[in-house]
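K.L.:
Listed here are the chains, written in short residue letters.
Protein chains: 4
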Amino acid sequence: MAKISDGYDPGPGISHAGSISLGTKDIEKSLWFFRDVLGMEEVERDGNVAYLRAYQELRHHSLVLREQDEAVVNAFSMRTRRAQDVELFYEHLQREEIEAVEIPAGTEKGRGTAVRFLLPGGEHPFELYFDMDKTEAPEEIQSRLPSNSSTRRGLGVRRLDHFNVQTSPQTINQTEQWAREHLGLKRREFAYLPDHPGTLMASWTSVSSQMHDVAFVANRLEKTGQMHHVAYNLENMSDALTAADILRDLDVSFGVGPGKHGIGQAMYLYVHDPGSDHRVELYASGYQIFDEDWEAIEWRPEDFPEGLTWYGDPIDTTPGSRGRDTTGTAGLRNPLL
Amino acid sequence: MAKISDGYDPGPGISHAGSISLGTKDIEKSLWFFRDVLGMEEVERDGNVAYLRAYQELRHHSLVLREQDEAVVNAFSMRTRRAQDVELFYEHLQREEIEAVEIPAGTEKGRGTAVRFLLPGGEHPFELYFDMDKTEAPEEIQSRLPSNSSTRRGLGVRRLDHFNVQTSPQTINQTEQWAREHLGLKRREFAYLPDHPGTLMASWTSVSSQMHDVAFVANRLEKTGQMHHVAYNLENMSDALTAADILRDLDVSFGVGPGKHGIGQAMYLYVHDPGSDHRVELYASGYQIFDEDWEAIEWRPEDFPEGLTWYGDPIDTTPGSRGRDTTGTAGLRNPLL
Amino acid sequence: MAKISDGYDPGPGISHAGSISLGTKDIEKSLWFFRDVLGMEEVERDGNVAYLRAYQELRHHSLVLREQDEAVVNAFSMRTRRAQDVELFYEHLQREEIEAVEIPAGTEKGRGTAVRFLLPGGEHPFELYFDMDKTEAPEEIQSRLPSNSSTRRGLGVRRLDHFNVQTSPQTINQTEQWAREHLGLKRREFAYLPDHPGTLMASWTSVSSQMHDVAFVANRLEKTGQMHHVAYNLENMSDALTAADILRDLDVSFGVGPGKHGIGQAMYLYVHDPGSDHRVELYASGYQIFDEDWEAIEWRPEDFPEGLTWYGDPIDTTPGSRGRDTTGTAGLRNPLL
Amino acid sequence: MAKISDGYDPGPGISHAGSISLGTKDIEKSLWFFRDVLGMEEVERDGNVAYLRAYQELRHHSLVLREQDEAVVNAFSMRTRRAQDVELFYEHLQREEIEAVEIPAGTEKGRGTAVRFLLPGGEHPFELYFDMDKTEAPEEIQSRLPSNSSTRRGLGVRRLDHFNVQTSPQTINQTEQWAREHLGLKRREFAYLPDHPGTLMASWTSVSSQMHDVAFVANRLEKTGQMHHVAYNLENMSDALTAADILRDLDVSFGVGPGKHGIGQAMYLYVHDPGSDHRVELYASGYQIFDEDWEAIEWRPEDFPEGLTWYGDPIDTTPGSRGRDTTGTAGLRNPLL
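Protein chains in written order, with my numbering: chain A, 1 to 337; chain B, 1 to 337; chain C, 1 to 337; chain D, 1 to 337.
Where hints are given, some of them may not hold.
Chain A is nowhere near these chain D residues, computed Cβ spacing over 12 angstroms in every case [what the hints assert, rightly or not]:
hint, residue
1, V37
2, E42
3, E44
4, E67
5, R82
6, G112
7, L118
8, P138
9, E139
10, Q170
11, Q174
12, Y192
13, E222
14, K223
15, M227
16, D291
The calculated lysine-lysine pairs, modelled on BS3-like cross-linking and capped at a C-alpha distance of 25 angstroms, are [said to hold, decoys possible]:
hint, chain 1, residue 1, chain 2, residue 2
17, D, K134, D, K109
18, C, K186, D, K134
19, D, K109, D, K25
20, B, K186, A, K186
21, B, K29, B, K109
22, A, K134, B, K186
23, A, K109, A, K25
24, A, K109, A, K134
25, D, K25, D, K223
26, D, K29, D, K109
27, B, K25, B, K109
28, D, K186, C, K186
29, B, K134, B, K109
30, D, K186, C, K134
31, A, K223, A, K25
32, C, K109, C, K29
33, A, K186, B, K134
34, C, K223, C, K25
Don't read these hints as lab results, they were simulated from the structure. Think of the CB as a built atom: it goes at the ideal place given N, C-alpha and C, for glycine as much as any other residue.
From just these sequences and the hints, can you work out the full model?
P.N.:
Shown next as structure tokens:
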């Protein structure tokens, strides 16, 4: 007899992008940005490490800020579908001969055991975890809605949305393919490099109904494992306008935006944490993918500028240019290389 | 070796609410409403049957309008995850001794074979299908974005969002439980009847990351199988304001809204198709559920009014009252009975 | 030779509603509401008196909060068109045998000489002034835009918009007529009491291009000189949704809204300052009147409910009812008496 | 006894920018744009001339489209404050030895007598009128709100907002000064040319509470009397996003936007009528000026880019550049020359 799907696979699986651990040279400035400006809750502080979450996140954190010499990304963390999947992934990585380490529970406060490894190709530090405490916010900021942990504050970011990671043109195909085969990410939209058909310029992949949980983009890199940006979700596109208005007035350097991506149909606003210079995208709306047989959309190079910027402040795609948004996690160059 | 999840289960599964077939006494009025006002595309017309879709839907239709004597719902159709799941569900229903019939391909234009049965308890006509043609829109309304079938028009509904079905207090528990066990729907938020703890007043369930794909609500019914409403999705909450403005000016009877649900955190605007009197919800934003271990949120009766209306035009919850929104699919009575 | 208009009249004139002085029983609670929640700047504090302004106001204040036993309105202050108009109005009032007193400069901090009198009929305390200091905000909240005094904060109110004052059915006609003849306010929209044609139920009047700077509404009063509400302006209708969301979560009692008035076409959200219980309207958009020969729009009683609530949370117009919004400045009863 | 201001001056005055008459080489394309896309009502058609208005305009028209060989602006028309002002302005122009002609009633359908003259310096054809018919819309599009002539349709432009006219650096000071002295326009914000202190680069002037009814901008011109753009007003900033989305999909060339001006604080979206190539601004929100003693804000050259684009798609201010928005009424060059 055919068993009716219970939404669980026999193999391990990923449910979503869960949290990110960012190095920052100036944690007070970063806290000012993420907590006081974006409106996140500082859930816990442990010496030079702070744990934050957005108002729609019920668990302990989606952001770890660690004061350290180099403002690198310490970990891109994804939540597994089931508790046992962390161990199953660990075993799987070993069989694949990928170096993996177990991170004991509590290494990140509030989080259970995780497995850590470098993404083959891009060498981005990924961590897979399942257990994370459900934490009540202090009473004075608690939300009266049970699906929110706290009231909406600041610019109103409500949850971590996705990661965008950078790889070199030499490794992007390998990296993306590995992530699809071994993390269950599905390709949703993509483009090849103009002069290298078959070599990805960018690929947007997801395991959830979001158009992307993880995007991969080819770039000229200074080092491996670089992020392009981490995105936090806003309730409405109009929130991105309000955010732009306030960030401009606070003179927080923002890279590009607001504008609407043709790829994914969401509003973007790229801004830099002044403490770490990491690039953060404020992201709103976009389309959902429910079909299991979604066919990945290919963008031709000539249409790609519209894919990046359907309307609004344009993301520069001139070859060789570094655009206006030159600082940040990766010293972003042009996506068309 | 543990197999990494490929997003497919060994058993059959549902991916989302795909389309609805509505009876209408006046198809021209219904087409005026859905096509000319809401902005949907009339993809095909076949005598007294019209097929429509919203601008973000790439397949043949999400709405069937059939002119007939009684404005009932002819079918709530859900798409399966895989092609073989239609047959697997059919076999499963037979083993469960639930009467099921196979609907041949083409019975609904553009659609493949489906299996039809009545939901045990509520007796709502459900159909499960997988194949549906990808249809190009006529050139003059084609979108330049590959993830849209046509340009945004009218009030800008972009895709079918969810169904809300009515059952009696006597059958709601059975109906909802069956749907969870046999269709893979997971309970997300719910409330018990004030004086009957353990008897559901309403339950919001989903198989996708949406807070609900199908909601179940207890009501005093005139007949079985009644719908409460079908929802179409808008890009932003501000679109619901524009919709309300225009619908008021067109004097299209609208039930309730705009307002924001505490349950699901989405904007609502309930309006009635003047051809069929079916209730349609224009629905925007809301929160996403990515965690596989989401714990269903229970609403106590005393908080339930805020759950229905967090802010905005209030949904009446006075016991015995029929509220202001008395017409429509079900002759809606009060949700608190 | 005809002199070209320089925008100045030979007689004195009013330019706009400039500020309001509110009594409050709990100034700390009121400051929490106006400063911390609505986002106004506390410009100056003088014992039990606080001066505030919104981010688009360049002069010293538009709101005075005074801690006192009775939470009445101490003054509705309107700015004159020219410096000499304050004295000219004083002389005019004396000729009209209306008791008027000169309020010395500095009585309200930052403000020049004003003339104070009670509106004939309604007995609302009005003050007319011209001089008010242009005050720079502290550097840490200064706006980089020269047309804003400070950055947008909190719920983002940007300027005082209008007053709505209550009179009795016995005095409303006299009050409104006096204000039109002697303050230069022009009637824009109005309604007569259902059973008393010729007796105003409400009248919206302005001297600027706004649909109203001062509204008059008939009510059963506990005392004379009562306010119905004071309105602060928001940049967009979507800001009213965000405000409603946050105010609900903070459990700040809000009367009615959000919704859109048919009269004036603006979004409303009525909320009560928890310190004083004064009713404050958050007000967005609306239409402008530029024509000098605008013909006042009359609302028939049967259309009046749509005039108050075009869409959204309905303002109760049932005769005799006190609606849901029963507290506040006036112990509001139903506008239809 | 001092007479209380009745809002009328002894001399003639202007109340607002009332309508514009645009030449177009292809009236059908222009009608598609203004009527079918922007949503204006075609009130009357008279051979090769069409009269249109937006939904919040109660009088006959705010836009005249005339099919002719050259797509120039035929007239910038401003409404006077009183009926007698048209004749008074005529007499005044004669005394000032400015050539003026009387345009008989009905030359523009629905309009009374007007006086026509060229703006000294810039030579823009201005017409001053007072009488214009109040016209009821056909029943099928009539609004149920008495302050609207028709229902909101298309992209929802609601009224003509302002004119922006171009002059040469040699004539801008004379033109702007004349308009201030003889039309009663007041300077609100302005900037001098970077290398020519004292020579205006741009000046925003108004007679109403809008930040500008007429803007003047210096440019390298191909001929005199050129427009930069005419602006239509939208209810909310979010409407500009929806407009951008739809215009992009219709592949209507849009120059620049959406973005927010620092100068005036309003949202902009510049788009070109495909029939005439005239530039039209869709304009939303912005601040109001009520004070008679408003001090004009000067923008230093180094801040001017932020004045043009506070956030969003940037208006190019590189000297010598023609930006991306090179077509249109004037063959726009860079505002910094």
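K.L.:
Would the hint linking K29 (chain D) and K109 (chain D) be met if the CA-CA limit is 25 angstroms?
P.N.:
Holds - the C-alpha atoms of K109 (chain D) and K29 (chain D) are around 22 angstroms apart, at most 25 angstroms.
K.L.:
Verify the proposed pairing of K223 (chain C) with K25 (chain C), using a straight-line Cα cut of 25 angstroms.
P.N.:
holds (18 angstroms)
K.L.:
For E139 (chain D), which was marked as not at the interface, is the minimum beta-carbon distance to chain A over 12 angstroms?
P.N.:
Holds, since 35 angstroms exceeds 12 angstroms.
K.L.:
Far enough from chain A: is every CB of that chain over 12 angstroms from the CB of G112 (chain D)?
P.N.:
Fine: 42 angstroms to the nearest Cβ keeps G112 (chain D) off the interface.
K.L.:
According to the definition I'm using, a residue is off the interface if its beta carbon is farther than 12 angstroms from all beta carbons of the partner; does Y192 (chain D) meet that for chain A?
P.N.:
Given that every Cβ of chain A is farther than 12 angstroms from that of Y192 (chain D), nearest at about 24 angstroms, it holds.
K.L.:
Is E222 (chain D) truly not at the interface, in the sense that its beta carbon sits beyond 12 angstroms from all beta carbons of chain A?
P.N.:
Since the minimum Cβ distance to chain A is about 28 angstroms, E222 (chain D) lies beyond 12 angstroms and the statement holds.
K.L.:
Are K109 (chain D) and K25 (chain D) close enough, with their CA atoms no more than 25 angstroms apart?
P.N.:
holds (21 angstroms)
K.L.:
Examine each Cβ of chain A, and state whether all of them lie more than 12 angstroms from the Cβ of Q174 (chain D).
P.N.:
holds (35 angstroms)
K.L.:
Could you grab the alpha-carbon distance between K186 (chain D) and K186 (chain C) and see if it respects the 25 angstroms cut-off?
P.N.:
holds (23 angstroms)
K.L.:
With 12 angstroms as the threshold, tell me whether L118 (chain D) passes as away from chain A on beta-carbon distances.
P.N.:
holds (38 angstroms)
K.L.:
Just want to verify: E44 (chain D) was marked as not at the interface with chain A; is every Cβ pair farther apart than 12 angstroms?
P.N.:
holds (34 angstroms)
K.L.:
Against chain A, does K223 (chain D) hold up as non-interface, every C-beta pair farther apart than 12 angstroms?
P.N.:
Non-interface label stands for K223 (chain D): nearest chain A Cβ at 31 angstroms, farther than 12 angstroms.
Violation of the numbered hints given earlier is absent; every hint is satisfied by the structure.
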